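Here the protein sequences come in this chain order: E, U, Y and P.
Just so you know, we're using full-length UniProt numbering here: the first sequence kicks off at 1 and counts up by one.
Just so you know, we're using full-length UniProt numbering here: the second sequence kicks off at 1 and counts up by one.
Just so you know, we're using full-length UniProt numbering here: the third sequence kicks off at 1 and counts up by one.
Just so you know, we're using full-length UniProt numbering here: the fourth sequence kicks off at 1 and counts up by one.
All the given hints hold, so there is nothing to weed out.
Lysine-lysine pairs mimicking DSBU-like chemistry, simulated, CA-CA at most 35 Å apart:
id	chain 1	residue 1	chain 2	residue 2
1	Y	K206	P	K238
2	Y	K5	P	K288
3	Y	K246	Y	K206
Far from chain P by the CB rule (all over 12 Å, computed), these chain U residues:
id	residue
4	T4
5	H16
6	E19
7	K49
Label-pair distances were calculated between CB atoms; the ranges are:
id	chain 1	residue 1	chain 2	residue 2	range
8	Y	Q100	E	H16	43 to 53 Å
9	Y	D248	P	D43	32 to 42 Å
10	P	G49	Y	K206	54 to 64 Å
Hints are computed from structural coordinates only; laboratory data are not their basis.
Being a predicted model, the structure only gives us computed values, none of them experimental.
Backbone N, C-alpha and C fix where the C-beta goes; we use that ideal spot for every residue, glycine too.
The primary structure of each chain is shown beneath.
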Amino acid sequence: MLTTEITQEWMDKFYHKIEENKDYLSELDTPIGDGDHGNNMMRGMEGVKQGLAKLQKPDLKTILKNIAMSLISKVGGASGPLYGTAFLEMAKKCGETQDINALINAALDGIKKRGGATEGDKTMVDVWSPVAQTNEITQKVIDDAIASTKDMLARKGRASYLGERSIGHLDPGAVSSGYLFTALLETEASL
Amino acid sequence: MLTTEITQEWMDKFYHKIEENKDYLSELDTPIGDGDHGNNMMRGMEGVKQGLAKLQKPDLKTILKNIAMSLISKVGGASGPLYGTAFLEMAKKCGETQDINALINAALDGIKKRGGATEGDKTMVDVWSPVAQTNEITQKVIDDAIASTKDMLARKGRASYLGERSIGHLDPGAVSSGYLFTALLETEASL
Amino acid sequence: MKTVKKIINEPQNVVPEMVDGLVRAYPQYLKKIPETEAMVRSDKKSMEGKVGIVSGGGSGHEPSHAGFIGKGMLSAAVAGQVFTSPTPDQIYAAIKASDQGKGVFLVIKNYSGDVMNFDMAKDMAELDDIKIKSIIVNDDIAVEDSLYTQGRRGVAGTVLMHKLVGAAADQGASLDELEKLAKDALPHISTIAVALSAATVPEVGKPGFVLADDEIEYGVGIHSEPGYRREKIKTSKKLVSELLAKIDQELHLNPQHQYAVLVNGMGATPLMEQYVFSHDLLDQLEAKQIKPVFMKVGNYMTSIEMAGISLTVFDLADNKWLKYLNYPVETIAW
Amino acid sequence: MKTVKKIINEPQNVVPEMVDGLVRAYPQYLKKIPETEAMVRSDKKSMEGKVGIVSGGGSGHEPSHAGFIGKGMLSAAVAGQVFTSPTPDQIYAAIKASDQGKGVFLVIKNYSGDVMNFDMAKDMAELDDIKIKSIIVNDDIAVEDSLYTQGRRGVAGTVLMHKLVGAAADQGASLDELEKLAKDALPHISTIAVALSAATVPEVGKPGFVLADDEIEYGVGIHSEPGYRREKIKTSKKLVSELLAKIDQELHLNPQHQYAVLVNGMGATPLMEQYVFSHDLLDQLEAKQIKPVFMKVGNYMTSIEMAGISLTVFDLADNKWLKYLNYPVETIAW
Ligand SMILES: Nc1ncnc2c1ncn2[C@@H]1O[C@H](COP(=O)(O)OP(=O)(O)O)[C@@H](O)[C@H]1O
Ligand SMILES: Nc1ncnc2c1ncn2[C@@H]1O[C@H](COP(=O)(O)OP(=O)(O)O)[C@@H](O)[C@H]1O
Ligand SMILES: [Mg+2]
Ligand SMILES: [Mg+2]
Ligand SMILES: [Mg+2]
Ligand SMILES: [Mg+2]
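Here chain E stands alone, though its shape is the one from the complex:
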């Protein structure tokens, strides 16, 4: 069950993971992208942090919408609308159910619709999708999903311009999505 408490803690942990791995994410984005994914996510999470700090006793929907708006208006690039859409879809859905799996599935549908990517295109979808499909999120599910992007040939996003040469590199958006879910795991464990 996603609660306001979990969500706030989740975002806090995600913020720190992005902060620690900012340079690594940008490095991953260099050979197959434009080297900015770490900076993009960091800018977004600064926005999320500031946005959440301003809320007074918010409900879950308000929090999720706030996260979405911060990401949409701060990140830009490809990851901004995608992460933003993910949280917007969760916000829309959370009135109906707070089941984490159901919310992640709603988010995944939004990401796929927004970006047109499907499984195997070497994007963040390749992490969101296995996580959405599993009964229990584990670090192994996350790690395997991230690792699976390495051998894929990119068909969406900047990496797709490389064709065959995109093979052999992890997808940066998949890695940052991995951090998101690891942060969620750690939050659930800590509460």
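Since chain E is already given, all that's left is putting chains U, Y and P with the ligands on it; use the hints.
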């Protein structure tokens, strides 16, 4: 006595000295100028060589004027009009006298008038002037004159923009003028 | 702050400071939309009764896109973070500032980020009953085209697209007419680049790729995306041969057709080299019995301080297009 | 051929090939004078009955000088070898092509070579009864001025001089009036530069000086002439402070006066940095209660691929000068 034969041999020897020392002259022009003196002189001497090759049984005046026009129209920069003027003045004077010292003096006057530099300004004048004043041109006279420019503070030409910092470097135009007179010495010795 | 050899202050402030410097230097052409890094034409009168033209994208391509704001060209432009698509709220602000009741036409370069952010902005604007049409420019032939991928990138040809739709809009074209014009012209515009060095994003602090002192790379994108081949540096003549052959494969150059040409410096390449390149290009076109009827040489769609050149050829299949290219404009950079 | 990482062919052919590329790309603006590397305005009609304006100098400063040929600015320009003054015969050809019976005004940058070669060309033209007047531009305040030396160099302020005399000539000013205008304006134009890297002359194949990865140099000339101080790279704000202080010492900036400003990229410096620099400049001028009434930012007087910026400030002591700066022109690069 300057003859057509001497002049042609002189220019041939000067050509080769410039060719051999092109990079060195440009290097000298780098710390206190713009690094092109070797290229400028090479372009000029190519012009002189081609110009002289086209002349059929020329007299001394025609030869000197031809050299002057090649230098003026091929070199550009500061050295072009100066070397050009030098040979133009020799051409003007050679009807009256073919005495080498008198011709060099006429050339020196032309250089001073054209460029406004005087002795001690760290320019080619500091080689032309001692050579013009000596009774007998020797390699020592030339070498000393070149060397004297090292400690001078430049007051004309590009090097003058450096003020104090021009001290400690040889003047490239003085060095190329040194080659000119060494070539003359060698010509006189060889004939 | 990492030591990057650039004339900047804090790397994260580059975009706002740059936008501020630009609008204050050129108030006669453009002004900033408050609270955004979007800029709109100062000459409001010239926009009246006309369809607005909005473009934009990541920063780092200066003078694109704001340098093309002005009568006869763009109404507004949005500057994202360096090499990062601007966000929907900013694009939306540019759309609102450009709309005069006739709708707004968006010129979008084909990158996932740009497409998605402009798309979200379009949704926002349509909620306000602003009519929106758009073109997704994909002129970079270095990339294989395919229905199953993102397809080709939008690069320097985008500037020619700005000029076309800008001129048509200034002459009163409707939103539908602009869409048709843009769609008709697009397949006739092809671009291909060669890089001698890569750009360094200020916040990243190191170049997007590294070429050896004697290496070049064909087909790089305007965000240091890798190209299709690395080689030892060649003469200008040989670079032109390589790039022109690619263009020829795509456009099937024909002496019976009329062509416009854009030789575009990537940022650090001096005009000296661009003019030498143009000399070789015109020679090689002449050998194909082609003499461009329109040509521009200079820095139009740059990649920060990348060294290199892109070549855009535009087959002027429709007579109107040349008129649009020659139509007078009042901009900083055209 | 040494390996220089440039888009060129044989280094010794750079100038003729560049001139050829330029005139063929822009036949509407300029054409080559046969057998020379001098270029003259294509629009002959616009020159009729007016004093001709001729400028030029070594190549490597593109778009200077040919980029300023056109109605309202230069009649002709001469391109010397790279960083080397053109020869008198070429300047003479440009003078002849520009003369319409009203005389020709020469804009010369203060370098020994330029001064002497233009002087010889003037002698040649006067033999043809062409009236000649000239101005020797010496706006670079990095160099100590002195009667006993060559004095100060001519740099980016030269472009403003072109604009002034070009506008006045187009409006029918006589040769004497142009001389007075140029002489009056000259002491009010000051320029100072900062370099991040030096230029490489193609035929030389190595840079004019070498700065460490974190070093800059104040006061360099446009031919890689050394400047007055080397330092670690600073923020844009601090670079502006240093340069503006020098300008202030010279021009005694006064809130009661009106100023024009030219922020000039040296060749490899992206507009991004020029705009950030402009932002800091405008802030610091504002702190002195000065808001320029005219400003331009871009590559106008470059030094091949040198990275750096020059700042030119022009104290508009005479009202007419602003009008001349704003007077419309038809050129490639203004
Ligand atoms: N169409 C798409 N669908 C899903 N994910 C995408 C798509 N395009 C890009 N991405 C994701 O976005 C990541 C890149 O994000 P980022 O670097 O921030 O944006 P940009 O590519 O605009 O620089 C990729 O690694 C990929 O996971
Ligand atoms: N006014 C002058 N009078 C005499 N010689 C001068 C003058 N100005 C420059 N020179 C000479 O010219 C030389 C530089 O020539 P060069 O490098 O070919 O021209 P530039 O300085 O135009 O690049 C200097 O070393 C100096 O000897
Ligand atoms: Mg990226
Ligand atoms: Mg020199
Ligand atoms: Mg990006
Ligand atoms: Mg020189």
